[in-house]
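Asks: These are the residues of each chain, in order.
There are 2 protein chains.
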Amino acid sequence: MGVLQFEVTATDTETAARTGRLTLRSGTVQTPLFMPVGSRGTVRGLTPPQLRECGARMLLANAYHLALRPGAEQVAALGGLGAFMAWEGPTLTDSGGYQVFSLAEHREITEDGVSFRSPVDGTELFLGPAECMRIQNMLGADVAMVLDQCPPYPCERPDVETAVERTLRWSAACRQHHARRDQALFGIVQGGVYEKLRERSARATVKMGFDGYAIGGVSVGESEELRRGAVRATAPLLPEGRPRYLMGVGFPLDVVRAIGEGMDMFDCVAPTRMGRNATAFTPDGRVRLRNSACGRDEGPVQHGCGCLCCRLYSRAYLNHLFRCGEMLGPILLSIHNLAFYNSLMSRARRAVAEGRYAGFRDRFVERYLEGETTT
Amino acid sequence: MGVLQFEVTATDTETAARTGRLTLRSGTVQTPLFMPVGSRGTVRGLTPPQLRECGARMLLANAYHLALRPGAEQVAALGGLGAFMAWEGPTLTDSGGYQVFSLAEHREITEDGVSFRSPVDGTELFLGPAECMRIQNMLGADVAMVLDQCPPYPCERPDVETAVERTLRWSAACRQHHARRDQALFGIVQGGVYEKLRERSARATVKMGFDGYAIGGVSVGESEELRRGAVRATAPLLPEGRPRYLMGVGFPLDVVRAIGEGMDMFDCVAPTRMGRNATAFTPDGRVRLRNSACGRDEGPVQHGCGCLCCRLYSRAYLNHLFRCGEMLGPILLSIHNLAFYNSLMSRARRAVAEGRYAGFRDRFVERYLEGETTT
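Residue numbers (my numbering), protein chains in the order written: chain G, 1279 to 1653; chain B, 1279 to 1653.
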């Protein structure tokens, strides 16, 4: 599988953090890397030039959502995911496994796969390993993900074990059905908060051999402590020479800590979804722009931030936009939040390269938590 | 009143069309000019860099809306309208006179002014000539508009006459109360579809002396033919050496025809509002991107258009965005429509400079109408 090249460019001295250079069909990106989420082939409200200006280099889309609308054939006819959404850099499609969790009331799981009924219009969609790979091959992202069964939290151990074993069988089948040599395929480790199941899943997934490895089944309702435990139990079992992707994670503290555990890639709706809901991320924690105090604040969302939102606007203007329900508010805070995440990745990479990641992480966490408690 | 300089740079041979250079406190713009509408201090969904890329050079905001939220004092405290909304070019504020029409159920008119009750939260706002000028002086746009009474259509002649005479008295009072020497003040001609009243209003307004002159009270429900009649009856009575602004107009055909009558400035919500509703303007008429035929159309919204939307995306992608209710759809079509209007202005200026405006206008109208009837 020479479709993906990954080179570890630096390792930290005290933590498991590392930096890397990940080369895919559509380009090379630096890790640790945060991928903005564009499930339906659009990061909500932002144009590709704006995304690039925010520092975004690789986007995530969702095979389930795109298979429903406009259909994978349609995306393929328009030149594939990148051309469809006019994103020139690398892309990754999630398989739809997460929708097993997020659309729990609208699906049925059997050994063959998952039957979804669209909550939008009732359209039925069946995703088994073959369908999942056919769809992702047609979408043509740089990276495809195996079909996994993502159990909720809390979940009894026998049910998680069933999900682990089924995910392993589906992973093997996906490997067989994956038909594009220019598209990388990542395996997904499940196991919930049960460290032994994580270990079983990781070892068996690695044994199959994938271009990269993801930790799935986190950010499904478990505590931060349990999430860290799951990552800590899994990350060391993933091959050093392959990218490690923590799916759906997370908030800034989660990401900063997971980098310390050796994770390389992240995605999360938080920066854009929270931005649309008037919440900004800053080094001093979250700022809620709808708060009336912001209405009189001439300062930017974050002093020293170089994003368009902070360069041009006061908190008072953003407060005005959100009070009026104006679209520009969600857009500007999505821009700021993505710039914040990407700047955090960039500073993390520098800290790793300089062998001082532990101190960087601890200072970041301390300042962030202090800001959160005082605002 | 030396705050505004207007130089007619070319006049057409067959029509009354002209080009001009309008210099205001915040910069110089070329006329004919189209101003995107940002009533609340934001052109919906677009950032200033995007607006500039669309060719926008001067924006319109609304004194009534900004007085309600966030308040004129607040905008002034944040550096005035331009700094507030981070727009570096010229700006113009409408007085709130149009809201006499558009918020007819929420206001009461007396000789002193207009009492509004906000449809949002019931807040009361009184706008008389003094208040209107105090607010616009605080907002600090390059151009302020007098308070006018904008009658609806249809409207009996005696009622329009009352509105004309009251607008004249308010205009004189506004002239007295206008307290900023760095802000231009435009008079507004009313008179509905009654040419004699238009004439009375125009002559009396011009006699008072303003930096520029607007035709108000159009686009309030009258037919295109009556609107053209009102413009034709008024425009020749406005001084040649002053900018002539047709308020709230309009659709592409309205604008192209009004330029031929000698009008210089335009504003309208059509490009942004229609864009948000999935309708694109093109030289061949309107295109409705929600139509299922667009779902299979690999071509751009408009072949040859250089805007971001047309450079990057297929009609099929836009159809997908609108079907999914994704924010990027309204944004991209607002960008295209504003680029279309501004490109139209640019081509109109060239046609005037080359003395071939009549032919340009007639060909534009013919092609547009032909496209409208065949789609």
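Since the hints were derived computationally from the structure, they do not count as laboratory data.
One or more hints might be untrue.
[Stated by the list, open to error] Facing chain B, according to a computed beta carbon distance under 10 Å, are these residues of chain G, among others: (1) G1358; (2) A1361; (3) S1380; (4) Y1431; (5) C1433; (6) E1434; (7) P1436; (8) T1440; (9) R1444; (10) R1447; (11) R1551; (12) A1556; (13) R1589; (14) A1594; (15) R1601; (16) E1604.
Heads up, the beta-carbon is just placed ideally off N, CA and C, and yes, glycines get one too.
Asks: Hint validation: C1433/G versus chain B, beta carbon distance must be below 10 Å. Holds or violated?
Replies: For C1433/G, the interface hint is violated, since the closest Cβ of chain B sits about 31 Å away, which is over 10 Å.
Asks: Would you check whether S1380/G satisfies its interface hint, that is, whether its CB is within less than 10 Å of any CB in chain B?
Replies: violated (17 Å)
Asks: Holds or violated: the hint that T1440/G contacts chain B, with Cβ atoms closer than 10 Å.
Replies: The hint is violated - T1440/G has no Cβ within 10 Å of chain B, the shortest such distance being about 34 Å.
Asks: Grab the minimum C-beta distance from A1361/G to chain B and call the hint holds if it beats 10 Å, violated otherwise.
Replies: Where the cut-off is 10 Å and the nearest Cβ of chain B is about 9 Å from A1361/G, the hint holds.
Asks: Min Cβ distance, R1601/G to chain B: is it shorter than 10 Å?
Replies: holds (6 Å)
Asks: Against chain B, run the beta carbon of R1551/G and see if the smallest gap drops under 10 Å.
Replies: Since the shortest Cβ distance to chain B is 12 Å, the answer is violated.
Asks: Hint R1589/G vs chain B: min CB-CB distance below 10 Å?
Replies: holds (8 Å)
Asks: Does the CB of A1594/G sit less than 10 Å away from some CB of chain B?
Replies: At 6 Å from the nearest chain B Cβ, A1594/G passes the 10 Å test, so the hint holds.
Asks: Report holds or violated for the interface hint on R1444/G, using the least CB-CB distance to chain B and a cut-off of 10 Å.
Replies: Nearest chain B Cβ about 30 Å off; hint violated.
Asks: Quick one, is the Y1431/G hint okay against chain B at 10 Å, beta carbons?
Replies: violated (29 Å)
Asks: Given a cut of 10 Å on the nearest C-beta pair, is the interface hint for E1434/G held or broken against chain B?
Replies: violated (36 Å)
Asks: Quick check on A1556/G please, does its C-beta sit within 10 Å of some C-beta on chain B?
Replies: Not OK, violated: A1556/G not within 10 Å of chain B, min 15 Å.
Going down the numbered hints, you'll see the structure goes against 1, 3, 4, 5, 6, 7, 8, 9, 10, 11, 12, while the others check out.
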